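Asks: One-letter residues, chain by chain:
Number of protein chains: 2
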Amino acid sequence: MKPVNLTEKLKLFSDHWNPRIVGALNGQHVKLAKLKGEFVWHSHAEEDELFLVVSGALKMEFRDRTEVIKTGEFIIVPAGVEHRPVAESEVEVLLFEPDTTVNTGESDDPRKREDLDWI
Amino acid sequence: MKPVNLTEKLKLFSDHWNPRIVGALNGQHVKLAKLKGEFVWHSHAEEDELFLVVSGALKMEFRDRTEVIKTGEFIIVPAGVEHRPVAESEVEVLLFEPDTTVNTGESDDPRKREDLDWI
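So the sequence lines, in the order shown, correspond to chains E and R.
Going by this note's numbering, the first residue of the first sequence is number 1, and it counts up by one from there.
Going by this note's numbering, the first residue of the second sequence is number 1, and it counts up by one from there.
For reference, chain E alone in the conformation it holds in the complex (with noise of 0.2 Å):
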């Protein structure tokens, strides 16, 4: 029960689609992450994941649409959604999601991060 600071947490680590855990509540955790270039076409079987935008403007691309989420803006996708994350410049952003979520979902992508580290 302290405090949880996000930008002293987003300078302890500098890589990309390599999302941290920073919190966990009621079967959810809440992570931080790094995301830049184009990420994996992928949806989640069972799971919602919500973006929160720390810094930088995410664009959520999915089969008939672009969404851009800038900072201080969150979007939500619902589970069995198809979607690509695309980070023309770095974005640091905030997700919620159940602690079962994968990163890459469904897909099979070399970014697949799995037991990840808190901080």
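For the record, the hints were derived by calculation from the structure and aren't laboratory data.
Please read all numbers here as calculations on a predicted model, not as lab measurements.
Some hints could be false.
[Claimed, not checked] Okay, the calculated beta carbon distance ranges per label pair:
1) R:Gly80 / E:Pro110: 26 to 34 Å
2) R:Thr100 / E:Ser89: 35 to 43 Å
3) E:Met1 / R:Asp108: 22 to 30 Å
4) E:Glu67 / R:Ile21: 38 to 46 Å
5) R:Ser55 / E:Asp99: 45 to 53 Å
6) R:Val68 / E:Ser107: 41 to 49 Å
C-beta atoms are modelled at their ideal positions from N, C-alpha and C, and glycine is treated no differently.
We have chain E already, so just place chain R on it with the hints.
Replies: Just chain R now, kept in the frame of chain E:
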């Protein structure tokens, strides 16, 4: 699946201790609230609760100590832990908690809010 802008949503209301719902995922709600003054001591029997401070500085009193959560910081209050939010000046917060959570928890207080509005 549209971006939600926290600042724009916060402009839509001005009353205190009356959370609004701005998102739902995985049985959880994302809420925004404006806090000012001292709330009631309470706990939530089943629900962990996350407070992310969007503006201002929130004091979270526990029975054995007080934490100050500043803008850009969050705190998680586990189920069953008595707490009292205190905002000496107005504080804007994002809440992430199960959709069953009632703001006043197990306590009896006139500021109890149920059937929250979506904005």
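Asks: With 35 to 43 Å as the target window, see if threonine 100 (chain R) and serine 89 (chain E) comply at their CB atoms.
Replies: holds (40 Å)
Asks: Okay, serine 55 (chain R) versus aspartate 99 (chain E) on CB: inside 45 to 53 Å?
Replies: At roughly 29 Å between Cβ atoms, aspartate 99 (chain E) and serine 55 (chain R) fall outside 45 to 53 Å, so the hint is violated.
Asks: Is it true that the C-beta distance of methionine 1 (chain E) to aspartate 108 (chain R) lies inside 22 to 30 Å, as the hint says?
Replies: The hinted range 22 to 30 Å holds for methionine 1 (chain E) and aspartate 108 (chain R), with Cβ atoms some 24 Å apart.
Asks: Honestly, do glutamate 67 (chain E) and isoleucine 21 (chain R) meet the 38 to 46 Å range at C-beta?
Replies: Violated - the Cβ-Cβ distance for glutamate 67 (chain E) and isoleucine 21 (chain R), about 20 Å, lies outside 38 to 46 Å.
Asks: Quick one: are valine 68 (chain R) and serine 107 (chain E) within 41 to 49 Å, going by C-beta?
Replies: The hinted range 41 to 49 Å holds for valine 68 (chain R) and serine 107 (chain E), with Cβ atoms some 42 Å apart.
Asks: Between the beta carbons of glycine 80 (chain R) and proline 110 (chain E), is the distance compatible with 26 to 34 Å?
Replies: violated (42 Å)
In terms of the numbered hints stated before, the structure departs from hints 1, 4 and 5, listed from lowest to highest.
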